[in-house]
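Read top to bottom, the protein sequences are chains A and B. In short: position in the first sequence from 1, add 1, done, that's my numbering. In short: position in the second sequence from 1, add 107, done, that's my numbering.
Keep in mind that a hint or two might mislead.
[To be verified] Sample of chain B residues facing chain A (criterion: CB under 10 Å; computed from the structure):
#, residue
1, Gly123
2, Ala126
3, Leu153
4, Ala177
5, Thr205
6, Gly210
Simulated from the structure, these hints should not be mistaken for lab results. The beta carbon of each residue, even a glycine, is placed where N, CA and C say it ideally should be.
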Amino acid sequence: GAVVSQHPSRVICKSGTSVKIECRSLDFQATTMFWYRQFPKQSLMLMATSNEGSKATYEQGVEKDKFLINHASLTLSTLTVTSAHPEDSSFYICSALSGTGDSSTFGSGTRLTVV
Amino acid sequence: GENVEQHPSTLSVQEGDSAVIKCTYSDSASNYFPWYKQELGKGPQLIIDIRSNVGEKKDQRIAVTLNKTAKHFSLHITETQPEDSAVYFCAAINQAGTALIFGKGTTLSVSS
């Protein structure tokens with residue numbers, strides 16, 4: 002079946018630095034990928050839709066200059082958290098559309114801790 | 108936009124019992140409804156999904172029912188086992204027809 006690989010699984014960074022998270026579709030091409038954020042014991046909140054070769058579409062309230070998304074190939078989307086602050090600490094999860102186009106496969110998530 | 112409500116937030120059952128989780132959605136145009144299981148520290152895993160052209164789908168101990176008129180769908184797990192313990196999320200496609208909008212999740216605990 003479809004597999005989405007997400008790296009790193011955990012990262013700790015200092016406040017003010019930037020962190021890049023990668024999301025790869027391993028055995029299929031994904032023209033569309035999604036980035037979600039999940040706080041402890043809460044649901045997944047859609048941050049943005051990443052389209053290969055074009056600008057990402059951000060959800061209301063998500064700062065596009067802070068959460069930079071690049072989808073330069075059909076198998077890779079990256080999320081860069083710029084000038085990270087402790088309030089950015091969260092679980093970030095990517096997903097990719099697969100199969101018929103509405104079925105999403107999720108990555109294993111990235112636990113970001115900003116100290 | 109699409110809004111998905113999920114109940115209950117927590118559910119505790121004895122091993123072998125059945126568990127039912129219910130969700131409602133707001134956008135009548137939504138036509139795809141997956142259910143995901145998430146274990147601690149991991150990404151969600153698709154366990155079953157249903158499209159709007161069917162009313163029920165079953166896969167071994169798991170079934171999903173859909174009532175498009177009432178805009179609600181439910182997950183049914185029979186003969187629950189301790190390894191079924193996890194957080195379960197329902198979802199529906201957003202208005203753009205691409206991204207998934209999730210319910211708040213149900214923490215299922217199965218005690219042996």
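So, as I understand it, the hint says Gly123 of chain B touches chain A; can you test that by seeing if any CB pair is closer than 10 Å? 27 Å, violated
Against chain A, is Ala126 of chain B within 10 Å by beta-carbon distance? This hint is violated: Ala126 of chain B lies away from chain A, its Cβ roughly 19 Å from the closest one there, beyond 10 Å.
Would the hint on Gly210 of chain B stand, with a C-beta cut-off of 10 Å toward chain A? Holds: closest Cβ of chain A sits about 7 Å from Gly210 of chain B, inside 10 Å.
Please verify that hint: Leu153 of chain B, Cβ, nearest Cβ of chain A, below 10 Å or not. Holds, because the Cβ-Cβ distance from Leu153 of chain B to chain A comes to roughly 7 Å (cut-off 10 Å).
Restraint: Thr205 of chain B near chain A, CB-CB cut 10 Å. Satisfied or not? 6 Å, holds
Min Cβ distance, Ala177 of chain B to chain A: is it shorter than 10 Å? At about 22 Å, which exceeds the 10 Å cut-off, the nearest Cβ of chain A leaves the hint on Ala177 of chain B violated.
Checked against the numbered hints listed earlier, the structure breaks hints 1, 2, 4; every other hint is satisfied.
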